[in-house]
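Protein chains in written order, with the working numbering: chain A, 1 to 116; chain B, 1001 to 1110.
Careful: at least some of the hints might be erroneous.
As the list claims (entries may be wrong) - Partial list, computed: chain B residues near chain A (C-beta under 10 angstroms):
#  : residue
1  : 1013
2  : 1034
3  : 1046
4  : 1072
5  : 1077
6  : 1080
7  : 1084
8  : 1087
9  : 1091
10 : 1097
11 : 1101
What the hints assert, rightly or not - Heads up, simulated PhoX-like pairs for lysine-lysine below, C-alpha to C-alpha not over 20 angstroms straight-line:
#  : chain 1 : residue 1 : chain 2 : residue 2
12 : A       : 55        : B       : 1079
13 : B       : 1042      : B       : 1068
14 : A       : 20        : B       : 1042
15 : A       : 41        : B       : 1042
16 : A       : 64        : B       : 1097
Stated by the list, open to error - Computed spacing ranges between beta-carbons, pair by pair:
#  : chain 1 : residue 1 : chain 2 : residue 2 : range
17 : B       : 1059      : A       : 73        : 27 to 35 angstroms
18 : B       : 1094      : A       : 12        : 20 to 28 angstroms
19 : A       : 9         : B       : 1068      : 34 to 42 angstroms
Worth flagging that the hints you see were computed from the coordinates, not collected in a lab. The model shown is predicted, which means the values in this text are computed figures rather than measured ones. Ideal Cβ placement from N, Cα and C applies to all residues, glycine included.
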Amino acid sequence: GAVVSQHPSRVICKSGTSVKIECRSLDFQATTMFWYRQFPKQSLMLMATSNEGSKATYEQGVEKDKFLINHASLTLSTLTVTSAHPEDSSFYICSASGGFPNQPQHFGDGTRLSIL
Amino acid sequence: EDQVTQSPEALRLQEGESSSLNCSYTVSGLRGLFWYRQDPGKGPEFLFTLYSAGEEKEKERLKATLTKKESFLHITAPKPEDSATYLCAVPLSNTGKLIFGQGTTLQVKP
């Protein structure tokens, strides 16, 4: 149980391209989804919290116009990196929670984004 | 300030050599502590949840314990396939956000 699917697993594209990453909870309803960024040999850095049907809450320093988040249903959240540049290259990971603050988050397998 | 600290940063073991990983936390009102395993190029895989001091959870060669200030992940007779980065995390207040430790990278040599 508690499976989170993230697609695509890897994206390579040119600078200026917008890239959409999908995160789906396959066997449970996720009222809350989270988007993280992870740099090599570092822990996860929270970018934003996404609640179904409402606007995402972004962490300090994260550009909301650069990283557009949509959580249109209880099983799907998307992260769109708009006009991506090489400095946006990173490993992006989503997670989903059943909604209770003290329940664990379940993570997707991540998306390796490389901007040329 | 809420904080989670893991030690050691890296651990090398021989196959069969048992050891423990530490996760120290400072939070106002613990709402649970989670252990995850992360393989290179993958998202974290959930292992355990601990909610109260004295609680223990086991899964194969892993056992997690919790006190009021720290948690331990004990690895008994590890195998090379146990090599991974182990992360602990605690929820921040009622937001659902997690505070992660920096992780312990475990390497088990055959």
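Hint check against the structure, violated hint numbers in rising order | Numbers 1, 4, 5, 6, 7, 12, 13 and 18 - these are the hints that the structure violates, sorted from lowest upward.
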